[in-house]
Amino acid sequence: MAEVAIGIDLGTSNSCVALARGGKVEVLPNAYGESITASVVAFAEDGSITVGNAAKANIIHDPKHTIYSSKRLIGRYFFSEEVKKAKAICSYEIVEGPNHSVRIKMRSEEFSLPEISAMILREMKSIAEARLGQTVTKAVITVPAYFNDNQRQATKDAGRIAGLEVLRILNEPTAAALSYGFGKGLNQRVAIYDLGGGTFDISVLEIGKDVFEVLSTCGDTFLGGDDLDDRLIDLLADEFVAKEGINLRNDPYALEKLKVAAESAKKGLSIEDEVEVRIPDVIVGPDGRGRSVERRITTEEYSALVMDLVMRTFKVCDEALQQANIVARDLAGVILVGGPTRLPLIRNAVKEYFQREPRTDVNPDEVVALGAAIHAASLLSPQQEAYLLDVTPLSLKIGVASGLAETVIDRNTPVPIEQTRGFTTFQDFQESVNIRVYQGESRQAAENELLGQFHFSGFKKARRGEVRIDVTFEINSDGIVNVTARDPATGQQASTQITLSSGLSEAEIQKIMQRDRTAQVVPSAVTAGMVAPGNKGAAGPLPQTPSIATPPAPPVRSAPLVPPPPLPSPPIAARTAPVLPPPAQVDPSEDLEVLPDDLPALPDLEPPGEPAQAEADASAELIVMDEAAPLPGGDGPADFEITGGFSQLQPGAEPAKKGLEIAGLDGSPDERVPVDTPSEDLFDRNSRDLSPPSEDISIDLEVDPEKKGK
Amino acid sequence: MTGDGSSGPKPRVGLDPKEIKALARLVDDLNYYEILGAPLGAASVALRDAYHAASRKFHPDAHRHLDPEMRGAVERIAKRVTEAYSVLREPRRRKLYDERLAQGASAGARMQLVEGTVEAGRRAAEERGGKTLNGKRYFTLAQGDLAKGDLSAAARNLQMACTFEPGNELFKAKLAEVKAKLR
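Protein sequences, first through last, are from chains L and Y. The working numbering applies: residue 341 is where the first sequence begins, and numbers increase by one. The working numbering applies: residue 233 is where the second sequence begins, and numbers increase by one.
Just so you know, the hints here were simulated from the structure itself, not pulled from any lab data. Be a bit skeptical, because a hint or two may be false.
Only pairs whose alpha carbons sit at most 30 Å apart, straight line, appear in this in silico BS3-like list of lysine-lysine [stated by the list, open to error]:
{"#": "1", "chain 1": "L", "residue 1": "Lys-524", "chain 2": "L", "residue 2": "Lys-691"}
{"#": "2", "chain 1": "Y", "residue 1": "Lys-411", "chain 2": "Y", "residue 2": "Lys-380"}
{"#": "3", "chain 1": "L", "residue 1": "Lys-549", "chain 2": "Y", "residue 2": "Lys-250"}
{"#": "4", "chain 1": "L", "residue 1": "Lys-424", "chain 2": "L", "residue 2": "Lys-404"}
{"#": "5", "chain 1": "Y", "residue 1": "Lys-253", "chain 2": "L", "residue 2": "Lys-549"}
{"#": "6", "chain 1": "L", "residue 1": "Lys-425", "chain 2": "L", "residue 2": "Lys-445"}
Derived Cβ-Cβ restraints for the label pairs, each shown as a range [to be verified]:
{"#": "7", "chain 1": "Y", "residue 1": "Gly-336", "chain 2": "L", "residue 2": "Phe-769", "range": "35 to 43 Å"}
{"#": "8", "chain 1": "Y", "residue 1": "Gly-269", "chain 2": "L", "residue 2": "Thr-760", "range": "20 to 28 Å"}
{"#": "9", "chain 1": "L", "residue 1": "Lys-655", "chain 2": "Y", "residue 2": "Asp-382", "range": "30 to 38 Å"}
With the C-beta cut set under 10 Å, the calculated list includes, among others, these residues of chain L facing chain Y [stated by the list, open to error]:
{"#": "10", "residue": "Leu-507"}
{"#": "11", "residue": "Glu-546"}
{"#": "12", "residue": "Ser-718"}
Beta carbons: idealized from backbone N, C-alpha and C, even for Gly.
Let's have the full structure, built from the sequences with the hints guiding it.
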């Protein structure tokens, strides 16, 4: 049987799998005949794992052991805003793992986010295999265009853990554009408005027959359909407090019922002008009597609740159009992607903003998976039929002195791309440099996403300025970042595929693959009674399911409401494998590119006879060199001018001072680290930053204005 | 497994492995116009079409069935194609590049795509005033002091700035202004 490669849209709320072959592209429905499957994972007490709509139905029964919206957490640091927010609203337990990573605690086990995503991917793979009757090992997986490198890497790891060779990590809007324009020979500019469960992306593309060139992409990874639901939850919960004096948010079961109701109401309002939310016995009052929620919601009222969120998407659209250097009327079409775009209030707002009717011939739930499938088939085929020219959504930066970040590759630069910057050492006889790489749009290093840091040593020891180090930044076609440092004199080279500090090391991935918890996912085909007749789904009566009635007919799907059947034991042998403890602290020797937090500061080298300079503690400083500039002479006075300026300024200051500043910077006060701050304070001040105090000062690249800007 | 990978690399339309290898070596000696295959004065639409055409030829996806060495060569060319287009599509960068070429820069001379934030900050400082390093620095510091409301520190730093750049009217004016406030 011919080998196939599938396309998977791994969504925040729902996932979809599709296949293109023989000139046809189609969604592969799950065992219930549904084209989309909930991105929800439920952990039963017996150790079995359920994924999909059955798992979703489990939320209201066992909210603590049902994981949803995990895509919001993937590739993020534990201290990030999004994780804090999730901890506040999610009913499952989110804990901190090694290197500031996020783990989800389920009964006695801890799971990394890639592992959870792998369970969903495994399910999508099984759906495809059940439909096709053959093994599937290759896939294109989509991510929001605005995902940073950490999130992309983590998604790629998830694919591997699920037993898939990930042919490409593809941006969701790009996939949608491919699905829209493939094989049509179009010559036009289009915008893809992609409002998903947890993220918003807008991409502007130029389609030139078989070339799909992304002109710009912008997004907000904190904005999606979930946020619309939260507004309605707040309304219902607040009204309930006012009426009954009970806060439903404090009861995980009641809160989950509210969530289900809010989502159903949103879906109802996509079809009707008015819905009624009804949750009988949402909670039992102190008197032992059940209380209910009954509330009629009109489209107008709902619009008022969420309109500011919708308006936020248009600010992002403004930015994207500006970056593409076009105005809305230059566009030949607007394509809507994502379930929430079915809401008439969003369609109307989009129509008003772009001054044109959005395309209605595209299924917003399926278009991304279809595009991914087209691309997967094209990557497998020897004959290329479409060329995707994508961009990097976020600027790539390198950390420099005073807690700032210098841009090396701007956002919306086409990929693949490579840029080399020359640096030189800043200290006499400096032995090593520590290079920190960021993604984001802020000048403040700490406000960007730290992708990773690495250590480069082994270049010749010499006086400052005499060593040249070339640092090359590469973004490949997957949008994945590689950084190489090289000493052109010795040919010494240190290369790293930037690995996120919160991500998984190769060793951890191997461990996870060995224990293979994803293999314990009960395929939905089994749950639906399609494959294994012995495991018929025993649909028990549902206690108090919230219901939404739209006046004519409630849009009820029966299959997803079936609770997961109590299976005697998971059908897969991997259950006998011992459950390994959560991955231990990463051994630094295995993981060169990540500096563990407790690593001591780089050793200070005291140049003979110059103790005063050693006090500056700039063990790993570099000076940016002009691309074409010759190596500077060893004792160039200009270097001293910059670096010494600070001690000139305050001759009496204590030696413990760390922050060096960049000469000639635009000098608003917050742009400089206060010179008289001892290192401990410096760390507190930058507590959002990962690095221990020593590192904050040890990186520090210096720009030499005399050599640049010619 | 399919035979796609093992049946041997099939050369693409008009591109044989020898040509790719030669181009990958040559690409360092070509200017951005030559890389895209567009004439020096090409209009932006023509540049875009040239970029699309070059991408059809050298897109890494179209060559993924080749052996790793060849794939590396194609990737190298592709990265230079995007670099060339990224510089030339932006009028300001293109103008700078054209000037460099006109001044006899070697064909392989490359331009950085980004003016870094630090660089931009310095340029802003230059635009604001100050010709010497120390003049600019002390002026910057003085502005920081002013933002904090520390007038006497600002006066000291402005005095320093004036010492390094006695002829700078902006510094003088600012110093006078601060001194007036101090009294």
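Hint by hint, here is what the structure shows:
| no. | hint | verdict |
| --- | --- | --- |
| 1 | Lys-524(L) <-> Lys-691(L) | holds, 24 Å |
| 2 | Lys-411(Y) <-> Lys-380(Y) | holds, 16 Å |
| 3 | Lys-549(L) <-> Lys-250(Y) | holds, 29 Å |
| 4 | Lys-424(L) <-> Lys-404(L) | holds, 17 Å |
| 5 | Lys-253(Y) <-> Lys-549(L) | holds, 28 Å |
| 6 | Lys-425(L) <-> Lys-445(L) | holds, 17 Å |
| 7 | Gly-336(Y) <-> Phe-769(L): 35 to 43 Å | holds, 39 Å |
| 8 | Gly-269(Y) <-> Thr-760(L): 20 to 28 Å | holds, 24 Å |
| 9 | Lys-655(L) <-> Asp-382(Y): 30 to 38 Å | holds, 37 Å |
| 10 | Leu-507 | holds, 9 Å |
| 11 | Glu-546 | holds, 7 Å |
| 12 | Ser-718 | holds, 7 Å |
Going down the numbered hints, you'll see the structure goes against none, and every one checks out.
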